[in-house]
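J.: Residue numbers (full-length UniProt numbering): 1 to 131.
Hints are computed from structural coordinates only; laboratory data are not their basis. Please note that a few of the clues may not be correct.
Stated by the list, open to error - PhoX-like cross-link-like pairs, simulated, lysine-lysine; straight-line CA separation at most 25 Å:
id, residue 1, residue 2
1, 131, 39
2, 21, 118
3, 56, 131
4, 39, 21
5, 79, 131
6, 84, 118
7, 21, 84
8, 56, 118
9, 39, 84
10, 79, 56
11, 118, 39
12, 131, 84
To be verified - Simulated DEER-style distance windows between Cβ atoms:
id, residue 1, residue 2, range
13, 117, 60, 42 to 52 Å
14, 72, 9, 15 to 25 Å
15, 14, 95, 17 to 27 Å
16, 131, 20, 30 to 40 Å
17, 23, 95, 11 to 21 Å
18, 24, 128, 24 to 34 Å
19, 58, 115, 42 to 52 Å
20, 35, 75, 38 to 48 Å
21, 59, 81, 36 to 46 Å
22, 34, 97, 14 to 24 Å
Keep in mind it's a predicted model, so treat the numbers as computed, not measured. Note that beta-carbon positions come from the ideal geometry of N, C-alpha and C, so glycine has one too.
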Amino acid sequence: VDKVDMSRTLPDGIIRFEADKDNEERVTHEINLRGVPWKVVLVTNDLSVILNCTHKQITPWRADFDADFTIVNSDNNRKNLTHKERSYAERDHNRTFVDLDAWWNPIEEEEGYIDDGKITIEVRFWVRSMK
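Hey, can you work out the whole structure from these sequences and the hints?
T.: Rendered as structure tokens:
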């Protein structure tokens, strides 16, 4: 298993959004990094987050990246929940799926992770290489 090294302090991209916990799916706007579009999908019925590289190039390509998937706590005195992932995207594998419920169960309003029925997700990612 690769150890994830997050030694670079500034991420190449940050996508942060708020979603109603009762919606089934939320898709963010795309951000463009090095000519490649990225977006995040939150599926609330199974509490999963997908970092999706939507590059449409026909010729073979690959992007290796590290990502922090974070559930932001609305209580500034409490800790955010973050999962670090090392992955890649290419023509036939363009998404990285993280099951938040597997690491952070239960996500409760009393704990500050749900605020007024909403959950805030932040995905920071570092592109290590692009070919």
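J.: If any of the earlier hints don't hold here, list their numbers in rising order.
T.: Per hint list: 5, 8 and 10 violated.
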